[in-house]
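As given, the protein sequences belong to chains A and B, one line each in that order.
So the number in my numbering is just where the residue sits in the first sequence, counting from 1, plus 402.
So the number in my numbering is just where the residue sits in the second sequence, counting from 1, plus 490.
Hints are supplied without guarantee of correctness; some may be wrong.
[Claimed, not checked] Where chain A lies over chain B, by a calculated footprint (3+ residues, C-beta under 8 Å): (1) 533-543; (2) 667-681; (3) 831-838; (4) 843-854; (5) 871-883; (6) 897-911; (7) 1021-1032.
[Unchecked claim] Computed Cβ-Cβ distance ranges for the label pairs, DEER-style: (8) 738/A with 619/B: 33 to 41 Å; (9) 771/A with 551/B: 20 to 28 Å; (10) 554/B with 770/A: 13 to 21 Å.
[Unchecked claim] Not everything, but these chain B residues come out facing chain A in the computed CB check (under 10 Å): (11) 738; (12) 861; (13) 863; (14) 945; (15) 947; (16) 1011; (17) 1013.
Worth flagging that the hints you see were computed from the coordinates, not collected in a lab.
Quick caveat, the model's predicted, so the values are computed rather than measured.
The beta-carbon is built from N, C-alpha and C at its ideal position, and this holds for glycine as well.
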Amino acid sequence: MNLSKLSSGRGSSKATSPLSLIWIAVAGLAIIVGGILISTVTPLIFPTQGSAEAQQIDALFQFMLAIGGMIFLLVQGVLLYSVLRFRARPGDRADGPPIQGNTTLEFVWTIIPAIIVVIITIYAYQVWVSIQSIKPNEQLVEAVGLRFAWIFNYTVPEEELPPDLDREALPANVLASLNNNGFMTFSSPQLHTWVGQPVHVRMRTEDVNHAFWIPGMRVKQDLLAGRTTDIRFTPVEPGVYRIVCAELCGSGHGNMAGEVSANGDLIGAWLIVHQDEEAFLREFLIPERDAVLFPPADPALRGRQVINNYACAGCHVLDDLGWVGITGPSLNGIASRTQRLAAGGYSTMEEYIYRSIRYPGEYLVPGYGNIMPAFNPEPGQPNYMPEEDLEAIVAYLLTQE
Amino acid sequence: MATVTAPLPGARVAEGRRLRVSEYLRWSVDHKVIGVQYMVTALVFFIIGGALAMLIRWELLTPTLDVMADGTAYNQLFSIHGTVMIFLWIIPMMAGFGNYLLPLMLGAKDMAFPWLNAFAFWMIPPAGILMILGWFVGQAEAGWTSYPPLSTMFSGDGQTLWAMSLHILGLSSILGAINFIVTIKNMRPQGMGYFQMPLFVWAILATSIIIVMATPFLAGALTLLILDRVAGTAFFNPVQGGDVLLWQNVFWFYSHPAVYIMVLPGFGILSELLSVHARKPIFGYRAIALSSLAIALVGFLVWAHHMFTSLTPELRIPFMITSMIIAVPTGIKVFSWLGTIWGGKIRFTSAMLFGLGFLSMFVIGGITGVMLAAVPFNIHVHDTYFVVSHLHFVLFGGSVFAIYGGLYHWWPKITGRMLDERLGKLHFWVTYVSFFFTFFPMHLAGMLGMPRRVAVYAPEFQTINIIISIASFVLGISTFILFYNMALSFARGRVAGPNPWRALTLEWATSSPPPSHNFEGDPIPYKNPYGYGTESAWAYLEGLESKFGPSAPTGIKRLPPAPPRPQPAPSGD
Chain A
403 MNLSKLSSGR
413 GSSKATSPLS
423 LIWIAVAGLA
433 IIVGGILIST
443 VTPLIFPTQG
453 SAEAQQIDAL
463 FQFMLAIGGM
473 IFLLVQGVLL
483 YSVLRFRARP
493 GDRADGPPIQ
503 GNTTLEFVWT
513 IIPAIIVVII
523 TIYAYQVWVS
533 IQSIKPNEQL
543 VEAVGLRFAW
553 IFNYTVPEEE
563 LPPDLDREAL
573 PANVLASLNN
583 NGFMTFSSPQ
593 LHTWVGQPVH
603 VRMRTEDVNH
613 AFWIPGMRVK
623 QDLLAGRTTD
633 IRFTPVEPGV
643 YRIVCAELCG
653 SGHGNMAGEV
663 SANGDLIGAW
673 LIVHQDEEAF
683 LREFLIPERD
693 AVLFPPADPA
703 LRGRQVINNY
713 ACAGCHVLDD
723 LGWVGITGPS
733 LNGIASRTQR
743 LAAGGYSTME
753 EYIYRSIRYP
763 GEYLVPGYGN
773 IMPAFNPEPG
783 QPNYMPEEDL
793 EAIVAYLLTQ
803 E
Chain B
491 MATVTAPLPG
501 ARVAEGRRLR
511 VSEYLRWSVD
521 HKVIGVQYMV
531 TALVFFIIGG
541 ALAMLIRWEL
551 LTPTLDVMAD
561 GTAYNQLFSI
571 HGTVMIFLWI
581 IPMMAGFGNY
591 LLPLMLGAKD
601 MAFPWLNAFA
611 FWMIPPAGIL
621 MILGWFVGQA
631 EAGWTSYPPL
641 STMFSGDGQT
651 LWAMSLHILG
661 LSSILGAINF
671 IVTIKNMRPQ
681 GMGYFQMPLF
691 VWAILATSII
701 IVMATPFLAG
711 ALTLLILDRV
721 AGTAFFNPVQ
731 GGDVLLWQNV
741 FWFYSHPAVY
751 IMVLPGFGIL
761 SELLSVHARK
771 PIFGYRAIAL
781 SSLAIALVGF
791 LVWAHHMFTS
801 LTPELRIPFM
811 ITSMIIAVPT
821 GIKVFSWLGT
831 IWGGKIRFTS
841 AMLFGLGFLS
851 MFVIGGITGV
861 MLAAVPFNIH
871 VHDTYFVVSH
881 LHFVLFGGSV
891 FAIYGGLYHW
901 WPKITGRMLD
911 ERLGKLHFWV
921 TYVSFFFTFF
931 PMHLAGMLGM
941 PRRVAVYAPE
951 FQTINIIISI
961 ASFVLGISTF
971 ILFYNMALSF
981 ARGRVAGPNP
991 WRALTLEWAT
1001 SSPPPSHNFE
1011 GDPIPYKNPY
1021 GYGTESAWAY
1031 LEGLESKFGP
1041 SAPTGIKRLP
1051 PAPPRPQPAP
1061 SGD
């Protein structure tokens, strides 16, 4: 690099003097070391590294931050040096030297950034291929996004049912599912898996576009109306990870993220990573499965259990279950709101609550819009809620006075 | 207070004249009037968009919904904030600079199509009002990106007004761009080939090419959106055979080039600022000129990087490649600008401070842009505050800083008055620091898990949000330092004289403000718009002074010119 063309014309040293070369080497070293130092903050600015994907993405980011840090230090350094060294002294009205350019230098600062972006591109491509790949023995969970909650549907095939099951004693819809499909399903507002298990979530939306994001896993995928989309990740650390909606979906967009209640309970969309498969089965799958297979006899108790299979927590407050949804009217004391019977043209509270779920647009509590989805009686319809579940839920809500 | 000095015997002096407000409130085909109309209108919408931002930041002081009535009201805030800032502030403001300066820089009496020029401007105020009126019928709430089905099925009627308003603004933009292209092609003076044009003119040329090629796609998307909303069509309704990704692709096919529409003129302004205020030629003129065209071209090939989490997975890598490529011409510019100030004689005028601030902040936006191009990282930070941070670093730290610098630089030419330099420095420092603390922490919020477009967030983000909000209030207030300075300048600013910065481009070779016909006779451009440091440039500037009166604002002690210096051998391009 021919430095005389960049000199200030004050009779400075000729061409590439050893001193200026040393300064350039020192500055270059400082920039490289500085960039690497900057990149070491990476673990502090990411959430817990919860997945195999997170490990790779964080490493890619650290590499990019190191390079970005070097460019940052280079540019800010040159700027700072320039404003100090090349400021016009008071009263100096002369111009600077008439330097139009330097072909070598311009070539260098075109080629080096080009090489850098090629390297980043190749590295990022490799990470992408790894993240995208289909892993063996994936756990498939279906996710449904709607305004404004998440529902995860789990499938339990016949083989995984308890032995000696008295099929005649099963609830009607469960038996129908086993006979027609060979499996039973149940829903949960939370996604459960275990350490080391590759997860494949197949997603659809009931209404507008949403996006499924687990910051701790570093993966995100939009849910697109009219399509099914997929997301994959493999957790490596046990724990709980917030699930966040990352595509504007309406007034409750922010509420679709998992929350923590006042007494520390998890509400709404969370990923729960159990220690191992045995813990997953023991702490989640078997209790949930059995709650569906052997529901409590008391309809109100059954309703209290079954209501969690639906997305009500996304919009309603209900202290008994720790719900904090603000988009819809509070369900606390719902059974005592007899003044609504006249307003809505209902004859009993039971009818009011029943029809509020099947036909929510029929009567709107003043101050609230018509945005509650209808829960339909037939499988295959959106928001399918079988009649038995609905009756149990109504029985439960009638206990909320 | 001194007025224009007495002319030298025998020399013709173009008298500067005071501006009259009434001239600017009515239809005029004078590009100087239209340019000011664009700029004042844009500044008004800057205030409106800024006020919406203040409401957003006030709401975000707490993790719960405390200020706005409901989530919908909050969503309307940022939807209109973004739309106003893009289509009613930056794009028209840059058009205003282009309109005012282009004929002057080209030594012409006006634009190629003066009537069309006025028509294009007068579409803007009604379109802006139409958008604001949306609040009376249920304001648009689907973000400035307006994705269906949210925008087709759930947003209020204001969404239709929003789309109609954008249609009008897009047409205005296209008409202006046509005017710029024809003016540049046909109305350059003798001796000004394409590679003797000022870089601001190159920037406007590249921008105008983008506008003409991209904006019709926005019009197409908006038309389909309006039809879906009012005419029962199903372009974006999957239940009836439509596709939501159709909107995303067509919208972003325009909206990515749109970001270059917003930033390229800023690059052009920056080239003017740095060269003049460091008294040194632009380093790598040809590279900067051609890289503007390269950015314009490659900018059409990157759009789906805004869709990495919705685009079909197989297409994500190709767009990563194109998005990485476009970093190279931008990097060339940044290094060329550094080369410009290196070794110069930097004068810390307010204009220069904002130019340096641009370099300092835009590079951060450029770095995060390359990070965002990497698909695996993008899928973590897409639709989070990381993106909000990136876009504000390039649009505020880039475009707005360039606009501020341009205002300080050309205010003397437009009004015939100087802005107060001490207030300008105060404006710069308050803006620079508060800008950094407003937007830099957003990178962290996004990476740690805070999505964008939310009024409620997890409590652990509250501290960062409080820092951001307080800094943003200071940033909001800093705008008024400039407005106060402007008012002061009208009331008692120093007379500017024709060429207070002793610059070589043609707009300075006439009085401040210029007469209605811009120049006396046909001006001859100096052979190199950035030829500082040569004897002939010095002689040219001395010649201008003897023709038009003193360059330096009155009150600055004039020193005798520097003695001739031996010139180094011609180097580089």
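So, going through the hints one by one against the coordinates:
{"no.": "1", "hint": "533-543", "result": "violated (count 0)"}
{"no.": "2", "hint": "667-681", "result": "violated (count 0)"}
{"no.": "3", "hint": "831-838", "result": "holds (count 8)"}
{"no.": "4", "hint": "843-854", "result": "holds (count 5)"}
{"no.": "5", "hint": "871-883", "result": "holds (count 3)"}
{"no.": "6", "hint": "897-911", "result": "violated (count 0)"}
{"no.": "7", "hint": "1021-1032", "result": "holds (count 6)"}
{"no.": "8", "hint": "738/A with 619/B: 33 to 41 Å", "result": "violated (49 Å)"}
{"no.": "9", "hint": "771/A with 551/B: 20 to 28 Å", "result": "holds (26 Å)"}
{"no.": "10", "hint": "554/B with 770/A: 13 to 21 Å", "result": "holds (18 Å)"}
{"no.": "11", "hint": "738", "result": "holds (9 Å)"}
{"no.": "12", "hint": "861", "result": "holds (5 Å)"}
{"no.": "13", "hint": "863", "result": "holds (8 Å)"}
{"no.": "14", "hint": "945", "result": "holds (6 Å)"}
{"no.": "15", "hint": "947", "result": "holds (6 Å)"}
{"no.": "16", "hint": "1011", "result": "violated (27 Å)"}
{"no.": "17", "hint": "1013", "result": "violated (22 Å)"}
Figure legend: structure checked against the earlier numbered hints; hints not met, in rising order: 1, 2, 6, 8, 16, 17.
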